[in-house]
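Novice: Required output: the full structure, derived from the provided sequences and hints.
Chains as they are written, first to last, in this note's numbering: chain A, 1 to 101; chain B, 1 to 642.
For the record, the hints were derived by calculation from the structure and aren't laboratory data.
Take these hints with a grain of salt, some might be off.
[As the list claims (entries may be wrong)] From the structure, some residues in chain B lie toward chain A, with a derived Cβ separation under 8 angstroms:
| id | residue |
| --- | --- |
| 1 | Thr195 |
| 2 | Lys368 |
| 3 | Val369 |
| 4 | Ile547 |
| 5 | Gly599 |
| 6 | Leu601 |
| 7 | Ser602 |
[To be verified] What follows is a list of derived Cβ distance ranges for each label pair:
| id | chain 1 | residue 1 | chain 2 | residue 2 | range |
| --- | --- | --- | --- | --- | --- |
| 8 | A | Asn6 | B | Arg627 | 18 to 24 angstroms |
| 9 | B | Thr593 | A | Glu94 | 32 to 38 angstroms |
| 10 | A | Ile67 | B | Thr593 | 52 to 58 angstroms |
| 11 | A | Leu81 | B | Thr593 | 25 to 31 angstroms |
| 12 | B | Val634 | A | Leu78 | 33 to 39 angstroms |
| 13 | A | Leu31 | B | Leu624 | 25 to 31 angstroms |
| 14 | B | Thr593 | A | Phe64 | 37 to 43 angstroms |
| 15 | B | Glu591 | A | Asn6 | 46 to 52 angstroms |
| 16 | B | Ala577 | A | Leu31 | 16 to 22 angstroms |
[Unchecked claim] With the C-beta cut set under 7 angstroms, the calculated list includes, among others, these residues of chain A facing chain B:
| id | residue |
| --- | --- |
| 17 | Ile18 |
| 18 | Ile24 |
| 19 | Leu39 |
| 20 | Lys97 |
Note that CB positions come from ideal geometry on N, CA and C, so glycine has one too.
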Amino acid sequence: MEIGLNHYLVLSTILFAIGLAGVIKRKNLLLLFFATEILLNSVNIAFAAISHYYGDLTGQMFAFFIIAIAASEVAVGLGLLIVWYKRHGNIDLETMKSMRG
Amino acid sequence: METLLYIALFAPLVSSMFSALFTTTPKKTFVGVIASLLIFTSFVSTSLLLASIVINGNESVHVEMMTWMATGNLYIPFGFIVDKVSVTMMMVVTLVSTIVHIYSIGYMDHDKSFNRFFAWLSAFVFSMMVLVMSDNYAGLFIGWEGVGLCSWGLIGFWFHKESATWAANEAFIMNRIADLGMLIGIFLVYWNTGTLQYEGAFEVFKTLDPATLTWIGIFLFIGAMGKSAQFPLHTWLADAMEGPTPVSALIHAATMVTAGVYLVIRSNELYSLIPNVGLFIASLGAFVALFAASMALVNRDMKRIIAYSTLSQLGYMFAAAGLGAYWVALFHLVAHAFFKALLFLGAGNVMHAMHDELDPFKMGGLKKVMKWTWIMMTIASLALAGIFPFAGFFSKDTILEAAFAEHHFVIYGVLLFTAGLTAFYSFRLVALIFHGEERYKIFGISPHEAYRFMLVAMSPLLILAMIAGVLQEPFFHMIEEILSAHEYHIHSHTTLWIMLVGTQVFVALAILYAYKKYANAFIKVPDGTSAIENSFVYKFLYNQYYIPYFYEEYLVKPYRELSDIFWNKVDMKILDASVDGIAGIIYGTGEKTRAMQSGNLSVMLRWMVVGFVVLLSLAVVFGLTARYSENITVIFSGLGAM
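Specialist: Laid out in structure tokens, this is it:
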């Protein structure tokens with residue numbers, strides 16, 4: 001059986017669903033970052049697959065962009081996370097309520 | 001020439017704006033002096049314009065300052081014209097206002113709003129100049145509204161008095177009603193002629209059918225009725241006497257109230273095409289002349305008596321204008337402005353002397369302490385009564401002659417009878433104030449004559465009230481072309497002499513009767529017990545024919561009740577309720593959805609996911625709809641066919 005576009009897209013969708021579930025369920029900030037990484041990379045897979053399918057490099061360029069953005073996001077996010085941990089001693093989402101309306 | 005025109009027009013505006021700078025500061029005499037000087041400048045420019053028109057024979061000075069409105073076919077410029085009619089009005093306005101400004105420096109001496117007074121008064125002069133100088137109906141309307149506004153501000157000048165604010169609002173609202181008619185008239189002019197310029201519109205009027213012209217004439221005249229306080233919109237003028245006396249002299253005697261007459265004279269080419277409306281105007285004028293004079297007979301308020309006499313004289317002017325004797329109307333307007341302003345300023349002196357007492361029954365014998373005021377008011381009253389050789393004789397008798405020569409004998413009779421009444425009530429007032437016992441002593445008032453400079457300021461009016469008659473011939477020759485005037489000649493000389501002498505004797509008898517009745521030692525302050533005061537006629541006249549009562553009872557009160565209903569039912573229950581309802585829904589939604597903003601990051605993320613899913617499903621739905629739109633249309637048309 002040859003591995004075609006559909007397989008990649010199914011994989012991407014499954015990963016996206018896992019990521020989404022993680023974003024909803026996780027109470028730990030670090031794990032939340034993992035979940036968002038899964039989300040972003042599921043999209044990257046879809047981009048790369050479609051790009052290959054059409055023989056157009058634009059999609060892959062986009063995937064690279066996303067990787068770069070994801071890296072910087074994690075860098076900033078982890079920095080903030082460490083500061084938060086130093087101040088409060090935990091990274092539990094339930095305690096982050098300072099923006100309550 | 002144009003420079004003179006602009007100076008005449010804008011000097012009052014500068015004066016007003018200058019005075020307005022000091023409205024919140026305490027009294028500064030120089031404000032009044034500078035305002036008077038600027039108005040005097042305007043007077044000098046007007047005189048030069050008049051000289052150039054009379055001596056150099058210039059037809060008119062016509063300028064177009066700038067475009068005001070130009071859209072499509074509508075073109076209205078700020079155009080000003082100084083021709084023989086408007087220059088006459090400008091002379092009256094600037095001369096009387098110069099005098100009133102100077103007089104006011106003395107009269108308003110003790111008033112803490114001295115500066116504000118001059119700001120309003122000069123603003124009034126500017127509006128009046130715009131009114132008379134404009135070369136189109138739109139500009140006239142601006143001036144018309146401007147004088148209305150300034151009149152409001154000046155009647156209600158002492159706004160801490162409830163009666164003054166009430167009178168100011170009454171005047172403004174009454175004029176508002178009439179202005180609606182005037183606006184409709186102006187719209188009709190534009191609708192039918194396509195222009196608002198006098199020249200252009202008059203040209204087209206000649207080709208219109210009489211029915212249209214009649215409507216235009218009627219609606220424009222409704223505006224004139226309001227401004228000139230003709231029946232049934234007359235009640236505001238007597239109440240307007242709440243304002244300071246110089247205001248009454250300038251606005252409610254000499255200038256603003258004559259704006260209606262000016263409108264009719266200015267539109268003479270219209271009204272000469274529709275003699276039926278003219279006859280109506282003349283009849284109404286004659287009626288108002290008699291009607292107002294009868295109310296003046298019994299009134300016990302000095303200023304109101306003079307106000308009714310103004311009303312009555314306006315009736316004379318309309319009678320003349322309605323009969324087509326436009327130049328006579330204009331001449332009476334000019335002469336009336338002089339002696340009536342004089343009379344009012346004299347009354348102002350008396351009021352000052354008597355500490356704002358207005359009831360002439362409480363005065364008496366003032367001629368000893370106020371000799372000059374006495375002379376001035378007597379001469380003004382003689383002029384008003386139309387005694388030879390004072391101004392009123394020439395103007396009023398010409399109106400009578402015109403009515404006689406046009407064979408309108410009813411109007412003639414009414415006007416003649418009114419002339420007798422005019423003489424009677426004017427001299428009743430003079431006799432009560434200046435002759436007889438010194439009744440004021442009971443009330444512990446020590447009267448004094450007005451400042452000398454006030455009397456000097458009044459003297460030009462005194463001279464004009466005496467000699468304005470000699471201007472009749474030159475005035476006629478100046479105006480005859482533009483107003484297509486002709487002199488009124490009674491065919492037989494005998495008839496003419498009988499009329500002249502008869503009128504004089506009749507008027508003189510009325511004056512003597514007034515003196516005999518009111519200039520004696522037996523006059524007492526009426527206390528409502530005498531037989532005459534309880535007679536029906538006296539009460540009827542004293543209560544102004546119960547017209548104010550009627551308006552209050554049958555127009556104002558039902559209107560107020562209707563307003564109450566609309567406020568409680570329509571406004572509160574429908575409009576307010578719907579607006580509040582919408583606000584309430586939004587507010588309630590906000591209140592309920594506030595719980596979403598818990599500040600908890602994972603809850604927010606969940607909402608984000610929900611939003612994402614909703615948007616995605618919407619996109620899918622729209623995409624499907626777009627793809628299958630044809631099928632959907634078929635299904636819906638099938639539903640409609642069922």
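Novice: For each hint, tell me whether it holds in the structure or not.
Specialist: Here is how each hint holds up against the structure:
no.	hint	result
1	Thr195	violated (64 angstroms)
2	Lys368	violated (86 angstroms)
3	Val369	violated (82 angstroms)
4	Ile547	violated (66 angstroms)
5	Gly599	holds (3 angstroms)
6	Leu601	holds (5 angstroms)
7	Ser602	holds (5 angstroms)
8	Asn6(A) / Arg627(B): 18 to 24 angstroms	holds (22 angstroms)
9	Thr593(B) / Glu94(A): 32 to 38 angstroms	violated (21 angstroms)
10	Ile67(A) / Thr593(B): 52 to 58 angstroms	violated (37 angstroms)
11	Leu81(A) / Thr593(B): 25 to 31 angstroms	holds (30 angstroms)
12	Val634(B) / Leu78(A): 33 to 39 angstroms	violated (58 angstroms)
13	Leu31(A) / Leu624(B): 25 to 31 angstroms	violated (37 angstroms)
14	Thr593(B) / Phe64(A): 37 to 43 angstroms	holds (40 angstroms)
15	Glu591(B) / Asn6(A): 46 to 52 angstroms	holds (49 angstroms)
16	Ala577(B) / Leu31(A): 16 to 22 angstroms	violated (53 angstroms)
17	Ile18	violated (13 angstroms)
18	Ile24	holds (5 angstroms)
19	Leu39	violated (11 angstroms)
20	Lys97	holds (4 angstroms)
Checked against the numbered hints given earlier, this structure breaks hints 1, 2, 3, 4, 9, 10, 12, 13, 16, 17 and 19; the rest are met.
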